[in-house]
Amino acid sequence: GAVVSQHPSRVICKSGTSVKIECRSLDFQATTMFWYRQFPKKSLMLMATSNEGSKATYEQGVEKDKFLINHASLTLSTLTVTSAHPEDSSFYICSAPPRSSIKETQYFGPGTRLLVL
Amino acid sequence: GDSVTQMEGPVTLSEEAFLTINCTYTATGYPSLFWYVQYPGEGLQLLLKATKADDKGSNKGFEATYRKETTSFHLEKGSVQVSDSAVYFCALSKGGGNKLTFGTGTQLKVEL
Chain V
1 GAVVSQHPSR VICKSGTSVK IECRSLDFQA TTMFWYRQFP KKSLMLMATS NEGSKATYEQ
61 GVEKDKFLIN HASLTLSTLT VTSAHPEDSS FYICSAPPRS SIKETQYFGP GTRLLVL
Chain Y
1 GDSVTQMEGP VTLSEEAFLT INCTYTATGY PSLFWYVQYP GEGLQLLLKA TKADDKGSNK
61 GFEATYRKET TSFHLEKGSV QVSDSAVYFC ALSKGGGNKL TFGTGTQLKV EL
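Going down the list, the protein sequences come from chains V and Y. Quick note: the first sequence uses this note's numbering, first residue 1, plus one each step. Quick note: the second sequence uses this note's numbering, first residue 1, plus one each step.
With the rest of the complex left out, here is chain Y:
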């Protein structure tokens, strides 16, 4: 079946550091790929998405590129802030529907 694998956390960075959170997937067909973020005490929020190969999703300084050849969708940000501290989930869906397959989540902690 479909699956999503993302790097284990927690990840601790200093403010203004470069962030990469790796995500790879296994799926038949052409899934849509997502990054969700969960801030403490809040529900998951869509951060960005990409629906086809080579698409780049971007939002709030975060970017991820849909790489079909490596089945990856790595999340990057050039300069993180303390306010980016949260849990980040990589996910996929197929067929334009809303059923999501999630990765395990990666906790990011940004310190001053």
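The following block holds chain V by itself, in its conformation from the complex:
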């Protein structure tokens, strides 16, 4: 099946620094990718929709200047957590629907664990 990778799988950073997380579709193209955040024992919460060639669309309550999203190509989206704080510690997951797939088909990355000290 189709594969989505995320890098890094785990990252620890100091408070105030920025962290970039990559989401790649390895064997298909995606004009749209989704970024989710998962808190312990909570559901995945959609943060934003990454759009190739245009600005990302953020969900209500998500700070766009805090979570910068860039859809650099049809196979790569990045999420940068700027000036990270301990409350940004979480599990970040991306998903990508193939450009040429039937509707409601998408593939998820394995997630990135962020710990801000």
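Check the hints yourself; a few may be wrong.
[Claimed, not checked] Derived CB-CB ranges, DEER-like:
# : chain 1 : residue 1 : chain 2 : residue 2 : range
1 : Y       : 14        : V       : 60        : 39 to 47 Å
2 : Y       : 112       : V       : 82        : 45 to 53 Å
3 : V       : 51        : Y       : 78        : 37 to 45 Å
4 : V       : 16        : Y       : 70        : 45 to 53 Å
These are calculated hints, taken from the structure and not from any lab test. Glycine included, each C-beta is placed from N, C-alpha and C at the ideal position.
Since the structure of chain V is already known, use the hints to place chain Y on it.
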């Protein structure tokens, strides 16, 4: 807004036991309903889905029926295996799009 509620875990079963994981939803209109599974260290994978009332989704021995009258989409399997140990997420989407609203996930552990 839309929401999905699923039973709290973890659920621990013996191999060959019957599994039910409850899922109910709140949404306007006619959402599509999904069950995703996440095995340790891997990304979420679509297990099954149903797009309209009374549809039954099935895959790998798992089944779920879209019940509009009870706004439910309970996951069932007649005989679980150790390899079914994973976290199961119920989710919905609307309008044929890919934005998903997830439940909190239910961890299943199957023991010999």
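Here's how the hints hold up against the structure:
1. Under the hint 39 to 47 Å, the C-beta atoms of residue 14 of chain Y and residue 60 of chain V, about 44 Å apart, fit the expected range.
2. For residue 112 of chain Y and residue 82 of chain V, the hinted distance range of 45 to 53 Å is satisfied, since their beta carbons lie about 48 Å from each other.
3. For residue 51 of chain V and residue 78 of chain Y, the Cβ-Cβ distance of about 43 Å falls inside the hinted range of 37 to 45 Å, so the restraint holds.
4. A C-beta distance of roughly 49 Å is found between residue 16 of chain V and residue 70 of chain Y, which places it inside the suggested range of 45 to 53 Å.
The structure fails none of the hints (numbered hints given earlier).
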